[in-house]
Amino acid sequence: MTIPTSSIEQVIPGQGSMAQPEAGKPAKAKRQRFLFLSNRKAAAGLIILGIYIVLAIIGPWIAPFDPGARGEDLMQGPSSEHWMGTTHLGQDVYSQLLVGTRSVIFVGFLAGIVATLLSVIIGVTAGYVGGKTDEVLSALSNVFLVIPALPLIIIVTSIMENAGEWVVALVIGFTSWSWNARVLRAQTLSLRRRDYVEAARATGERSGRIITFELLPNLTAVIASGFVGTVIFAVLSEITLAFIGITSSNTWNWGTILFWAQGQQALARSAWWWFVPAGLAIAILGTALSLINFAIDEFVSPRLRSAGKTKIKTNSGRTVRMRIGFTPVLSNSPEPITHASPIPVVDHNGATPVVRKEHAS
Amino acid sequence: MSAPVLEIKNLNVGYGLGDQGVRAVRDVNLTLHRGEVLGLAGESGSGKSTLAYGLTRLLAPPGVVTGGQVIYHPAEGEPYDVLGLSDERLRKFRWAETAIVFQGAMNSLNPVHKISVQLTDVLRAHEPKMSETSRLARAREMLKLVGIAADRMDAYPHQLSGGMRQRVMIGMALILQPQVVIMDEPTTALDVVMQRQILGQLIELRERLGFSVIFITHDLSLLVEFSDRIAIMYGGRIVEEAPAAAIYRDALHPYSKGLLGSFPALRGPRRELTGIPGSPPDLKGMPSGCSFHPRCPKAFDPCAGNIPVLGRPGTGDGRTRSVACWLHPTEEPVG
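Going down the list, the protein sequences come from chains A and B. Once you know that position 45 of the first sequence is 45 in UniProt numbering, the rest is easy, because the numbers rise by one and skip nothing. Once you know that position 78 of the second sequence is 78 in UniProt numbering, the rest is easy, because the numbers rise by one and skip nothing.
Chain B on its own, in the form it takes in the complex (with noise of 0.2 Å):
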């Protein structure tokens, strides 16, 4: 496997402070490797979007990060702690190495401004020195790169299609050629003959520009098919992460399992759906122990009592995935 970019290690993340204070991301440890498109998957409230807005210090107050390390592995030099960097050394770091695609994105286009001006805006302030012509012709080349004719950098946002909004916006957070794109729910607005085009689209610029994506979505049938790798969410914390078509084909964790069975496969025998009974958890009053066990079917003794913790299973593939189950006890901890 490449050399990891991203790294985070036991990142905690919350809301408010204190007994006020509700804790959405929980001692979360997760590495993103050079050109891996890492897909993050889980329900409603799971964390994933505060997780990936924590990890960039993006979170709207009162968000906080209690605790952990994002280590990250420039493409030169030193490798270094996101959340130590200072406001100054975080602005310049941001859209230069990490750049991120928002929830419904292609709202994100102020509707006064010509695409051109907004997709040349972030070239003005990260790279002052560039000429006005050559960022044109790079926000043209960029435009291109996504699909679009370079003759609609003069339209309006009004005058686009919402995917091709879309695309803008995908383009214009790889405009400054990061290392990480992070993509929270970006074609949920879209319908899916749109979604897979521009998910496609994106897989062969990540095989052109060799860039990592953590792909945040609740869709899991659209990772399995778009992501390498592949981690589940539930309740704050990861509960299973494997390849993707290890997931698919053989989910340990009964969460993810859950998940998988909620959607149909378009081949293979007819199966039933069985969804996953009961609600999320509230995050101010976590079930004891492993937080899915109260909706576990397979629950058993030692779930109420303790957590269970990430780590390597003791499965034939237990080399590249692991899980935080008590079915499948972990040989090691995954550090």
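Chain A with its partners taken away, still in its complex shape (with noise of 0.2 Å):
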């Protein structure tokens, strides 16, 4: 069956009017400080992209090993000294995972902040502005979109000699905003039209400040979405750059792990430690940024944050969650839940007759 949604979201109007009243209250302004940590999505993700961050910083210092020296044990399973076991040169793994950690980080949150200043700028001002300067935005935006990114990456490094994350990261940046941009630019081609700027516009407002206080926050979601997209992105694309050998050898990163792994024929030779704890990272840290991701796109929506608790429990004990349509039932009972003061029969007996027959005159 279909209810028209648009008709169910014209019911909140009617409850903001009604909510009014308890905005003001700073008791209730205090207790939403942290709440987008109450959510648990952001809690994890950013708990786990915390710890990440923290490697990425001491990392290299506190690894056991220098991740490039060879030991004495070669392709060793995990043991009390090898945490992770060793490569075929006998390179300690743990210590590779720990000092590639900052490469990846660095070049994964680079990259995503170039690109998403570039997609910001570049989509809300064609968006926002219109006309020619669209046109020529757009266009610019649709020849980044068919740039295919990794071959250039490929191209670029292979013709610095000393290509390091930088330039790795710049690339990865310069690339990868367009997708970001035209979204952008679509969301504000749609929020400039709404009342509520047209309003603002009419009060004067500068532009700047309706896009900085009209239009970026309600583009808050995508915005955080695209950043994280890109982060993952880019830390795919550097990961699969080192994976195929195209990097300098001399930095660390996940890739160069698996390119050692892949090279020497680990899988073949049952030595999964070498590159099961790279595959692991790489998959942890894109499940922090995706529930990051998530958290942010429940949080910036606030209805949905208003909603705070989704699960509430019933009388009866049975857990429900609140979702459109199906507005969860607490109790059943036909009792009033709160007894109305029972009718004072005799004191009234006696005042009423006054009143009535002021009533009936």
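Hints should not be assumed to be uniformly reliable.
List of simulated lysine-lysine pairs, DSSO-like, C-alpha gap at most 27 Å [what the hints assert, rightly or not]: (1) A:313 x B:298; (2) B:284 x A:311; (3) B:298 x B:284; (4) B:298 x A:311; (5) B:129 x B:92.
The set of hints was computed from the structure by calculation and includes no laboratory data.
Two chains, two frames, some hints: make the complex.
This is how it looks when you write it as structure tokens:
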């Protein structure tokens, strides 16, 4: 059955007017400060990401061995000395993983920030300004949309003698902004025709303020998901580059580990400790970023946020979920919840005849 | 009076939970009889819409039904509690037994689909065995019933006027021949002439098809004209319920009087428009006792202390009406 969702939404204005008086209370504002963390997805994602960032900073210092140093134990499984085993040259996989984290996080985030900044500037400008500017900027993003990032990076890094992480990150950043820019442009086009934006323009707000105050908060979810997506893409690109052996072999990242594992046929030699940790590290980082992305989606929509708890217990002890179209029923008994005060029969029968007469006249 | 079709018993609906929550509908008891038009009136924020969406379980989060029963009496078979239905049965129940025409319903049509597609969509979902031709025939018949030429079947929503779109929505609500139709301010976006025309048509249809209507509006004058009974809501409670004529002639609750005093009569002697001073109560901090007493011109001692119960007043036509006001002490609470 189809329930027109647009009309369900129209219940909200009514609620809004009723909810107004509570908005100003300071107690409530205080409670909402760390609300983002009360979202389980956000908390899990941020904790995992935090661990990665800490490891990225301190990894090279706490690594027990030099990741490139050769040792005596060749192709050993995990042991107390080498937590994640050793490579065919006796290098410590655990140290390689720790040292490699920095490069992965650095490239991922630098590329993500560059691409997000570019996409916001170009996408929102194109959508808001319109006209010739829009056409030029749209053409530009279309051109960048079809530039294949990975081959370009391969070419750039092979031309440049000492292509470090900076180059890789910037090339990924400069080639991956266009998709998000298009999404942002489309969203801005739709937003700028909304009544509240028109109203802001009519009251004489400047374009800068309309963009930063009226438009950008509405674009947060799109921007954030674009950022997270770009970070994941950049991480995977860098690892792919290292895996196919493009980047310089004197910097370590997870892709380098996989490159050597692949080259030495770790799988065939059943040296699982060589490639599983790096693979897991990539997968968990991706999971953390996705969790944050989901949480942002839920958080930026005030309607979802105000819902707070979505699972509630009914009086009979069952747990029901709040969802549109199936309002939870807490109790099914026909008894009133607050018993209305009993009718004071004696007192009032005395007082009422007078009143009733007054009414009848 | 004919048999009941929907009995609302102590329905409580709120938004949010715990100390953050507000109770928007409080202990509402209401009975809708077969073939009756029941008007639900009150100010903005009095809980009219919340009541309607709560009893159909259509309230979006954080809306919660905190207690009560909604007993539905189907045309054949045993009555059952709508609030106790499983999700699957609730899906089947909706539209086939109760249909809703939403606030601003004319914007509920999808602009990219033809009217015929949108009308037959529900038939496809609820009566999958029906053939395409009979579906279209039913849709055409429905359009004719609401006064739209059958050749408009292939029109897109933008090709229809607001009133026509509204009538399409009413036709769509009636297409499965539900027993109960809930209309939430269905005509507020239309001009008075169109309002009248559509409501007249609705009443005519009701006589032909025999459904009951819960009609929600803040326009009491409209209700007086079109409904059989009127329930007045204030602060989440029903404060007065009576036949439309009785309310118009002789409203018992001061709030109903205030509502009636806020629009001019078309005929009869001129009278001063009074309106109601003050503003609706804050649902988070309801006044003690009768929630209307701070604004009530006739408030006296018991009003601030005790909540009046909806019951039959001791006046002459007390059998058919009920009121919750200390001015009219009740003989027996309405069960």
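How the hints compare with the structure:
1. A:313 x B:298: Violated. Residue 313 (chain A) to residue 298 (chain B) sits at ~43 Å, over the 27 Å cutoff.
2. B:284 x A:311: holds (23 Å)
3. B:298 x B:284: holds (25 Å)
4. B:298 x A:311: violated (45 Å)
5. B:129 x B:92: holds (15 Å)
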